[in-house]
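Number of protein chains: 2
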Amino acid sequence: MTGMKLNDIPAWKKLIRHADIMSRPEKHLKYLLEEKDRLINFSLNGAGIFYDFSRQRLDEQTMGLLFKLSDARRLKEQFTAMVCGEKINTTENRAALHTAARNFSGNPVFVDGKDVMPEIIRVREDIKGFASQVHDGKITGSTGKPFKHMVVIGIGGSYLGTEFVAQALDPQADKKIEMSFLSNVDIHNFGSIASAIDPETTLWIVISKSYTTAETMANTHQAYAFMTEKGLDPAQHFVTVTSMGSPGDDPSNPVLSSFHMFDFIGGRYSVTSAVGGVPLSLYLGYERFERFLKGAQDMDLHAQNAPVEENIPLIAALISIWNNNFLGYPAHAIIPYASPLSKLAAHIQQLNMESNGKSVTQSGELIDEPSGIIIFGEPGTNAQHSFFQLAHQGRPFPIDFIGVINPHFKQYQSQSKGVTNHQELWSNLIAQPQALARGKQDTNPAKSFSGNRPSSTLILNDLSPENIGRLLSFYEAKTVFEAFVWGINPFDQFGVELGKTLATDIRKQMAIKNQSSKHRFDDVDPITRFYLETLFSGK
Amino acid sequence: MTGMKLNDIPAWKKLIRHADIMSRPEKHLKYLLEEKDRLINFSLNGAGIFYDFSRQRLDEQTMGLLFKLSDARRLKEQFTAMVCGEKINTTENRAALHTAARNFSGNPVFVDGKDVMPEIIRVREDIKGFASQVHDGKITGSTGKPFKHMVVIGIGGSYLGTEFVAQALDPQADKKIEMSFLSNVDIHNFGSIASAIDPETTLWIVISKSYTTAETMANTHQAYAFMTEKGLDPAQHFVTVTSMGSPGDDPSNPVLSSFHMFDFIGGRYSVTSAVGGVPLSLYLGYERFERFLKGAQDMDLHAQNAPVEENIPLIAALISIWNNNFLGYPAHAIIPYASPLSKLAAHIQQLNMESNGKSVTQSGELIDEPSGIIIFGEPGTNAQHSFFQLAHQGRPFPIDFIGVINPHFKQYQSQSKGVTNHQELWSNLIAQPQALARGKQDTNPAKSFSGNRPSSTLILNDLSPENIGRLLSFYEAKTVFEAFVWGINPFDQFGVELGKTLATDIRKQMAIKNQSSKHRFDDVDPITRFYLETLFSGK
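Protein chains in written order, with the working numbering: chain P, 3 to 541; chain Y, 3 to 541.
One should not assume that every hint holds.
Pairs involving identical chains hold if they fit within one copy or between any two copies, as the list cannot separate such chains.
[What the hints assert, rightly or not] Pairs of lysine-lysine residues, derived as DSS-like cross-links and limited to a Cα-Cα distance of at most 25 Å, are as follows:
#1 K412 to K520
#2 K541 to K412
#3 K150 to K178
#4 K419 to K510
#5 K296 to K541
#6 K510 to K412
By construction, these hints were calculated from the structure, which means they are not laboratory data.
Hey, can you work out the whole structure from these sequences and the hints?
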C-alpha cells in the first residue's frame with residue numbers, strides 16, 4: 003500500500019509539473035481570487051468546522067491531482083485500517099487507536115481479536131466516579147480537606163494536549179480546582195509550583211505510560227519528598243495514569259487511584275484517553291470532558307466517512323503536502339484568533355513534528371522527498387505585532403487562521419472606533435489572509451507587498467467542549483493523512499532515543515561524581531568533560 | 003557602506019564555494035569534532051556569556067571568510083554608528099538608540115546635535131521614584147488601598163520583552179504585586195483578567211508610543227469602562243508609557259503618571275526603556291531593573307569594542323548568515339534549558355523576524371539572498387519530548403542551546419537515578435548537541451541518525467538580572483549585525499501596514515453595521531462579505 007515510491011506515482015509526477023504552472027505570474031493568488039465562486043469552490047463545511055482553502059495557491063486541476071494522489075496512497079483505506087485496530091504502527095507492532103478513546107458508537111474495536119472497548123469504557127467510568135467524588139469532597143487529602151489544586155506531572159504527550167484543552171475551556175472551569183503542569187525536570191518548575199500551592203489541598207497526578215520517564219520520575223521524587231516533609235501521606239495525595247502493571251500501578255506503592263493507559267494509544271495522541279481524562283475531568287467536570295470526546299468522535303467519523311472531495315482533514319493534509327513537497331514551503335504557522343487556543347500551536351507542534359519528522363518509510367527506505375515541516379504559532383492579533391513582518395515581506399510560510407464566531411465574556415461590549423473588541427479581532431482575522439494573498443505594489447519598494455502567500459481559514463461557532471474536540475481531531479487526522487501520503491509511520495519516535503542514550507551515560511558520570519568528589523571525567527570526550535566540570539565547579 | 007550587492011563581495015563568492023566543501027561527507031560534524039582543541043578554538047568568553055560554536059558546521063577557513071565578510075560590510079563601524087546616534091533607520095529618518103537606554107557611562111549621546119542622556123536619565127528617575135512610592139504605599143488606588151496587581155496593556159514590542167524579563171526574574175519578584183499582560187484585543191484576554199483581579203488594588207499600565215495602537219486602545223477603553231462601572235476613578239488607577247505629547251500624555255485626560263518613550267527606540271528594542279522599566283520596576287524593584295540594564299550595557303560594550311574575532315554577538319550573526327545563506331537552513335530554534343527563560347524564544351521571534359523579515363535593502367533594492375528566518379523554541383527538556391524527533395531525524399534546523407550553571411531553588415535536592423533535577427537537566431543539555439552533531443548509524447534505518455545537525459551552546463552563570471540583560475543585548479546585537487550583513491534596515495516594519503489598512507476598511511463596515519442593522523456589505527469582495535455576514539449572523 004505504501005510500497006510505491008512517491009516519485010513513481012503518476013499523480014506525484016504530474017503535480018511536479020503542475021507546480022511549475024502554478025508558480026507562473028498569472029497564477030498569483032490575486033488573480034485566482036478573482037475567479038467566480040472562488041470561496042464556494044474551495045471551502046467546506048463538515049463536523050462543525052468551516053474550512054476555507056480559497057487562499058491556497060491551487061486550482062481545480064491541483065485538487066484533481068491531489069485527489070488522485072489520495073487514491074494512489076489509499077488514504078481513506080489506511081485511515082479505516084487505523085480506526086479498525088490494524089497494527090499500522092509496524093515498527094512497534096501496535097495498533098493506533100486514539101479514535102477508540104472517543105468511540106461512543108456501541109460497536110466493538112478489536113485488537114488481536116479482543117474488543118478493547120470494555121476496558122476503555124471502564125477507565126472512563128473510573129474517571130467519572132473519581133472526579134465526582136473529589137468534587138463532592140468524598141475523596142480528600144490526608145488531613146480531610148478538599149482538593150483545591152492539582153499538579154499534573156508529565157511531559158510531552160502526557161502534558162501538551164491537556165494543557166491545550168484546559169486552556170481552551172478555561173472559562174468553563176468551575177470546579178474550584180486550580181491546575182499546574184510540572185513537565186520540565188528543571189528545578190525551577192518544581193520550585194515555583196511548590197511556592198504557589200498549599201500541600202494539604204494538593205492532588206498530584208503522575209502521568210507516564212511506562213512510569214520510567216526520567217523527567218516525570220525525577221519530579222515525582224521531588225514531590226514525594228516535599229509532601230512527606232510537610233507531614234502529609236503521599237498515598238492520599240497522588241494518583242497515577244499509567245499502563246496496567248507498571249511501577250506506577252503497583253499495590254506495594256499505594257496511591258489514591260490508578261487509571262490505565264493502553265499501548266495502542268501513543269502519547270501525542272492521548273489527550274482523549276485517561277491522560278487528558280483525569281486532569282480535565284477534575285478541572286472541568288467529567289460531563290464536559292465527555293462532550294469534548296464526542297466532538298472528537300464527530301470529526302473522526304467525518305475523516306473516516308466523508309468522500310475524499312469533502313473530507314476536511316484529508317484535504318488539509320493534501321494541501322500541506324502540496325505546500326511542502328511541490329511549492330517548497332518548509333514551515334507552517336497556526337494562528338488562532340482566540341486566546342483560549344493559545345496552546346494549540348504548541349500541541350500541534352508536538353503532534354505533527356514528532357509524528358512526521360522522519361526520514362524513512364514504513365518499509366525502512368529513505369524517503370525521496372522531505373517529510374515533516376516546522377510548525378509554530380501564536381494567537382492573532384499578537385502574532386501580527388510579532389513575526390508577521392516576515393510573513394508579509396520576508397520568507398513566506400503557509401498559515402492556518404482560526405476564528406471563533408461567538409466568544410465568551412459577552413458582557414464586555416465597550417466599543418473602540420465603533421466596534422467591539424471581538425469585532426476588532428475579526429476585522430484583523432478577515433484582513434490578514436487577504437493582505438497576504440493579494441499583496442500590493444508601491445512605488446517605494448520598502449512598502450511593496452509581493453502577496454501570493456497562502457493560508458487557510460478555519461471557523462468554529464464557539465469554544466464549546468465539542469468544538470475543541472473537533473479541532474483536536476481535525477489536526478490528528480490531518481497529521482496521520484500526511485504520514486499516509488509519505489508512507490511513514492506517524493506513531494513511533496525513534497529519533498528521541500539517541501539523545502536519551504547519551505544523557506544516560508552523562509548522568510552516570512554525574513552520579514559517580516556525586517558519590518565521590520575525586521572522580522575525574524577521564525572517560526568522556528573533551529567537550530562533554532568541559533561541561534561536566536563547569537557544572538560541578540559552579541562557575 | 004551597504005551599497006555593494008552581496009553577490010559581488012569577494013568573501014561572499016568564496017563562501018558559496020566553501021559551503022560546497024563543507025557539505026562533503028568528510029566534513030561531517032562527527033569528524034570536525036575529532037579535531038584537537040575543537041572546543042577551545044571555537045568558543046568564546048565575553049560579557050558574562052560563554053559561547054560555544056564548536057558544533058557548528060564550520061572550520062578555521064569558514065571563520066576567516068566570515069571575518070572578511072564582516073570587514074567588507076563594516077559591521078563594527080555600523081554598530082558604532084548606531085550607538086553614536088546616527089540616523090541608521092533611514093526609511094524613518096531616525097536614530098536607533100536602545101543602547102542609550104542602558105548607558106551609565108556618563109558620556110553624552112547626541113541626536114541632531116542634542117544630548118539625549120538627560121531625558122533618558124530623567125525618565126529612569128521618574129520610574130525609580132514612582133516604583134518606590136507604590137512599594138511604600140504612598141501612591142495607592144482611589145480607595146487608598148495599596149496596589150497588589152498590575153495589568154500591562156500593550157502588544158508586540160510593548161509586551162513581549164517585558165514578559166520575557168518578568169518571567170526570567172520571577173523568582174526574585176518580592177514586591178507583592180502580581181502582573182498580568184493584556185495584549186491581544188481578543189475579549190477573552192480582557193475577560194479572564196477582569197475575572198481574576200480586585201479592581202480596587204489594580205494598577206493599569208498602558209504602553210503605546212503613539213497611543214493609537216488599535217488593540218491597546220480597545221483594551222484601554224474596556225478597562226476604563228470596567229473601573230468606572232466599579233465606582234473607581236480611572237485617573238488614580240492608570241499610568242501611561244507613551245511619547246511626549248501623545249493622546250496618552252494629555253493633561254485633560256489625567257492619569258497617575260506618564261512616562262516618556264522616544265522615537266529613537268523602536269518597540270521591539272524597547273524593554274530597557276520605560277516600556278520595560280515601569281512594569282519591571284514595580285514587579286522586581288527599580289534596583290533590579292537597573293542591574294538588568296547594567297548587564298545589557300556590558301554586552302553592548304562588548305559588541306562595540308571586542309575585536310571581530312572575539313565578538314560574541316557578531317560571530318553569532320555571521321554563523322546565522324552562514325547557516326541561512328550558505329548552508330540553506332530556513333529556521334532556527336532557541337532552546338533554553340531553564341524554564342524561567344521560557345518566553346525568550348517568543349521575544350526573539352519578534353525581535354528577529356520583525357527586524358529582518360525584509361526583502362529590500364536600505365537603498366531600496368531587492369535583496370539577492372533570503373534574509374530573515376523563522377525563529378521558534380520551547381524550553382528543554384520539554385522540547386525534547388515535543389519536536390526534537392524532527393530535529394534528529396527530519397528536516398534539520400540550527401539550535402541555540404542555553405544553559406544556566408546555578409539555578410534558583412537550591413533547597414530541593416532530591417535525587418533520582420543518583421542525580422538532582424538540575425543535574426538531570428544538564429545531562430540532557432550536554433547530550434543533545436552531541437547527539438545532533440555526531441548522529442549514529444544503525445542497521446535499522448528507522449533507528450539511524452544522520453547527525454551533522456548544527457548547534458551553539460550559550461552558558462550563563464546564573465539567572466541574575468545582569469545576566470538576563472546580557473542575554474537580551476546579545477540577541478539584540480546579533481539581530482542588528484545580521485541586518486548589517488544583508489544591508490537591510492532592522493528598525494522599520496512596513497510589512498505590517500497592509501494588513502492594518504485592510505482591517506481599517508473592514509472595521510468601518512462593521513461600525514456602519516453596528517449603527518444600522520440594515521447595512522449590507524455590498525461594497526466589499528465576496529470573501530470579505532461572507533466573513534462579515536458570518537460574524538454578524540452569529541452562526
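Status of each hint after checking the structure:
For the identical chains of this complex, K412 and K520 are inter-copy neighbours only, at 22 Å across copies versus 66 Å inside a copy, given an alpha-carbon limit of 25 Å. When the C-alpha separation of K541 and K412 is checked against a cutoff of 25 Å, the pair qualifies only between copies, where the shortest distance is 15 Å, while the shortest distance within a copy is 54 Å. With identical chains, the CA atoms of K150 and K178 are at most 25 Å apart both within one copy (6 Å) and between copies (22 Å). Taking the closest pair of Cα atoms, K419 and K510 come within 25 Å of each other only across two copies (8 Å); inside a single copy the shortest separation is 63 Å, beyond that limit.
In this homomeric assembly, K296 and K541 come within 25 Å of each other (Cα to Cα) only across copies, at 20 Å, whereas the closest approach inside a single copy is 54 Å. In this assembly of identical chains, the alpha carbons of K510 and K412 lie at most 25 Å apart only when taken from different copies (21 Å versus 56 Å within one copy).
The structure shown violates none of the earlier numbered hints.
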